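J.: Those sequence lines, one after another, are chains W and P. With my numbering applied, the first sequence closes on residue 311, and no number is skipped along the way. With my numbering applied, the second sequence closes on residue 327, and no number is skipped along the way.
Honestly, the hints are just simulated from the structure, not real lab data. Any given hint could turn out to be false.
[Unchecked claim] Only some residues are given here: those of chain P computed to face chain W with a beta carbon under 7 Å:
no., residue
1, A130
2, I254
3, D287
4, G293
All of these numbers come straight from a predicted model, not from anything done at the bench. A virtual CB, placed ideally from N, CA and C, is assigned to each residue, including glycine.
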Amino acid sequence: VSLATFIGQLFAGLGLAFVLFFTAAGLNLVWGVLGVMNFAAGSVYMLGAYLTTSVIARLGASALGWTVALVAVPLAVGALGAVAEVALLRRTYRAQDENRQFMLTLALSYLIAGAIVLVFGTHFRTVSLPGALNGGWSVLGATLSRYTLVTIFLGLVVTVAIWLGLYRTRAGLLTRAAVDDREMLSVLGVDVDRLYSAVFAVGIGLGALGGVLIAPQGAVSSNLETTALVPAFIVVVTGGLGNMTGALAAALAIGILQSFAALHDATLAQLTPYVVMSVVLGARAAAGRWGWPPARPRSRRTATTARSTAG
Amino acid sequence: MRRMGMAPSRRAMLADGGPALALLVLAALLPAVASSEYVLLAASMIVTALVAVSFNLLFGYTGMFSFGQAAFYGLGSYATVLLMNQSSLSFYLALAGAVLVTVAVAGASGAVLVRMEPVAFVMLTFALSALLEFAAEHTPRLAGGDSGLIESLPSGLNVVVNVNGVYYAMLGVAAAVLAGVFVFVHSRSGLILRGIREDALRARTLGVAVERRRLGVFALAGAVAAVGGGLSALSTQIVYPDVFDWKISANALIVTLLGGVGTFSGPVLGAVGLGLIDFYVGKLSTDTLLVEGLVLLAVILLAPRGIVSLLRPKPLIGGRNRPTKGR
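All chains should be modelled from the sequences, with the hints used to inform the complete structure.
T.: If you want it as structure tokens, here you go:
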């Protein structure tokens with residue numbers, strides 16, 4: 001592999017990794033923190049992409065149009081997410097009824113996909129980039145697309161924002177506390193309901209942001225749901241549920257490996273996420289058998305749940 | 001005397017199996033009164049029901065959330081067609097062979113999978129179905145690649161020539177499988193599985209070989225899904241790599257939750273319910289997703305324990321049916 005190819009593939013892989021990370025980070029917040037295994041994550045991503053096509057159709061593929069799309073679409077979809085959380089999901093985790101949650105997120109994914117067919121029809125759509133973002137720069141013989149560079153830049157910004165939000169703010173502290181023990185958190189006087197709504201809205205908004213960024217990279221169609229949902233689940237599980245650093249590492253590993261695998265063989269590229277996940281999960285299970293990482297004491301919530309179910 | 005929970009009374013067993021039995025009787029009478037369009041609809045419901053029953057054995061009874069029942073459904077489908085085309089076995093022998101193949105694969109993969117954490121189990125069962133889909137797409141010599149395989153059938157079981165013959169063959173096989181599952185879930189083994197679902201740690205402490213029981217039910221569920229796959233190959237006469245698609249696994253979850261998770265009749269009722277919705281909505285518009293979403297939402301809000309709960313006031317099994325937490 002020549003240096004130019006190497007740089008080109010690495011760059012493309014980074015772009016892929018960050019798009020993957022937005023959706024996965026969104027799912028990770030919703031699944032890891034709220035414990036809601038969100039099957040609608042793919043539809044949310046698709047909704048983000050479709051809304052982008054209509055924003056760009058109104059405002060044109062200008063800097064203004066794209067700025068509006070990048071800001072307004074995640075906010076609008078996040079707000080919709082908050083409404084769904086308050087109106088529907090909230091009652092399911094109070095009752096600790098996971099089956100209803102599965103059904104609810106599946107129903108929501110059907111509703112979103114159905115609404116998209118109703119509004120946008122079944123034909124695929126495309127959007128174009130502002131002129132300044134077309135083309136690329138030549139670095140050491142490799143052509144680096146400007147758009148991918150913007151994606152990577154935005155990815156870094158959002159990653160830093162998520163990190164600051166989770167580790168340097170009070171809301172982030174409470175969010176991490178909720179991962180460990182939500183009951184204890186509410187006993188301590190934290191308004192867990194409001195926290196959950198906010199976390200859910202942020203998670204959904206991040207998923208939609210991934211959709212905005214993917215929109216110009218190909219056809220916006222109903223395929224997006226599957227192509228987003230499956231890798232997002234894989235990234236979250238590979239990185240460890242609720243672990244944001246792990247998710248970033250998994251997204252980077254999968255994105256870059258997939259980009260290099262594509263050089264070799266398209267099938268290999270498609271299989272990459274599954275292979276990475278299977279290897280990591282297998283290694284983790286094997287390490288667990290040898291007592292690594294050392295078991296943490298079972299959280300209070302798990303202990304009480306187990307007792308009450310057994311009775 | 002109590003062992004692992006109480007043996008369900010005869011009345012409770014009747015309540016659990018009654019709705020499914022009633023549907024089977026209706027299904028047997030259907031060809032006498034309805035056109036072949038409805039017979040084919042019922043045939044597709046039989047297939048959906050078997051995959052959902054398979055999923056329910058794992059998720060509803062044992063608390064193992066498999067997102068890869070499409071793997072075994074697809075294997076059953078491909079193996080049936082391959083055995084018929086390449087060795088000129090009769091359909092029933094080919095189906096039996098396909099079930100054996102699937103049980104072998106489920107047993108081998110399950111030996112690893114059942115020891116995994118719940119989240120890893122979900123994702124790796126799913127990965128298994130994705131892997132098999134890739135395998136089917138990329139082995140054109142054996143599995144026909146993207147264009148799939150066409151099944152060569154005797155005219156007696158050819159759906160174009162003899163719809164009712166095919167339908168009764170499917171119904172007969174499905175009824176036999178359902179009867180077997182019914183006996184199993186109401187046996188002592190079935191009770192032990194529910195014990196594992198409610199509290200795996202407690203079951204282990206009481207001396208249950210949790211991993212062995214999980215492996216057993218994983219293989220059994222694989223076999224049931226394989227029968228569904230084989231029957232679907234019989235009614236469509238062709239098999240594509242799509243049989244491994246994750247939407248089949250997701251559909252099994254929806255059907256089971258719609259009908260009533262952890263009950264015997266639930267998945268069967270759910271398959272009929274969803275099949276009817278799809279059929280009638282599909283006649284009106286192509287946008288079936290929206291209506292399905294609304295129906296699902298209505299069921300969640302009005303009958304959170306599924307259609308079965310509308311038929312009887314109290315759930316038969318356990319208080320809360322959800323996947324096990326403790327291990």
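J.: So which hints don't hold here, by number, going up?
T.: Of the numbered hints, all hold.
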